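Chemist: Sequence:
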Amino acid sequence: MNLLAGRVALVTGGGGGIGRGIALRFAAEGAAVAVHCRTSDEGARDVAARIGASGGRAVVLRGDLSDEDECRRVVREAAEWGDGRLDALVNNAGVQPVQELAGMTVADWRAVVDTNVLSVFACTQAAAEVMRGNDGGGSGGGSITHIASIEAAHPAPGHAHYSASKAAVVMHARSAALEYGPYGIRVNTVSPGLVDREGLAEDWPDGVRRWQQAVPVGRLGRAEDIGDACVFLASGLASWVSGHDLVVDGGMSARPTW
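The opening residue of the sequence shown carries number 0 in numbering that gives the first Met the number 0; numbering runs sequentially from there.
It cannot be assumed that every hint is accurate.
Using C-beta positions, here's what the derived DEER-type ranges look like [to be verified]:
no.	residue 1	residue 2	range
1	Trp108	Ala52	22 to 30 angstroms
2	Asp63	Arg218	17 to 25 angstroms
3	Ala52	Pro154	39 to 47 angstroms
4	Ala155	Met0	32 to 40 angstroms
5	Val216	Leu100	16 to 24 angstroms
6	Gly54	Leu199	25 to 33 angstroms
7	Val247	Gly157	19 to 27 angstroms
8	Gly29	Arg218	42 to 50 angstroms
9	Arg254	Glu99	34 to 42 angstroms
10	Arg208	Ser174	36 to 44 angstroms
11	Gly5	Glu67	25 to 33 angstroms
12	Gly140	Gly54	25 to 33 angstroms
It should be emphasised that the hints constitute simulated quantities derived from the structure, not laboratory data. Just so it is clear, the structure is predicted and the values come from calculations on it, not from any experiment. Positions of the beta carbon are idealized from the N, C-alpha and C atoms, including for glycine.
Using the sequences provided together with the hints, build the complete structure.
Modeler: So, in structure tokens, the structure goes:
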């Protein structure tokens, strides 16, 4: 359908998992994609190669997004690669450690918040500056999507820092939607449920089994499911959607808790 034809997008954490699915779906819809990775760029290079082999355009950008300066550099390089444009940002990079509160330190907490929240703040701020000038006339325009989680509203044991960080991401998007809306910039979140990945069934067999039994749709999510949601939010089909949290979880969060 080429919903994103002619647009330039940056996907953070785009080398694997959900980020990989998002980057590939954006490219399939016609976007030129800057694929960010933190350290090892093997996965990101594979994504970029796949996009190139399909006739698309992609570049790999490396950076530690727990560092504010690195966030701004990555966004700047994506815009420079896009000839001064950046039409879509997907803040996907994040960490999800498991640790009980009783043994958690302030350093543990900050490590999660710096990656999951600070990066969203800094990348969004930098991207919005570029997007405000996208049309050359001052009104700008663009789409920013944060990858949150259903754990923002339904926390799991051992995920206090993660769940809190994702709740912060949802609220940041709503606040940013208010402030950036006048410049034609829409800001939303996508909250995935359990998304399949390589080795998940081996790492967490009981959890996967329980999820599949409980989720109304009857299966785990796929990275492409999240990619489809992000494509929609970045496209003209969502031109009046901003400040919204799009839950993509197969109906799991609709289940009664009693």
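Chemist: Now look at each hint and say whether the structure bears it out.
Modeler: Structure-based check of each hint:
no., hint, in the structure
1, Trp108 - Ala52: 22 to 30 angstroms, "violated, 42 angstroms"
2, Asp63 - Arg218: 17 to 25 angstroms, "violated, 34 angstroms"
3, Ala52 - Pro154: 39 to 47 angstroms, "holds, 41 angstroms"
4, Ala155 - Met0: 32 to 40 angstroms, "holds, 36 angstroms"
5, Val216 - Leu100: 16 to 24 angstroms, "violated, 32 angstroms"
6, Gly54 - Leu199: 25 to 33 angstroms, "holds, 32 angstroms"
7, Val247 - Gly157: 19 to 27 angstroms, "holds, 23 angstroms"
8, Gly29 - Arg218: 42 to 50 angstroms, "violated, 28 angstroms"
9, Arg254 - Glu99: 34 to 42 angstroms, "violated, 25 angstroms"
10, Arg208 - Ser174: 36 to 44 angstroms, "holds, 39 angstroms"
11, Gly5 - Glu67: 25 to 33 angstroms, "holds, 31 angstroms"
12, Gly140 - Gly54: 25 to 33 angstroms, "holds, 26 angstroms"
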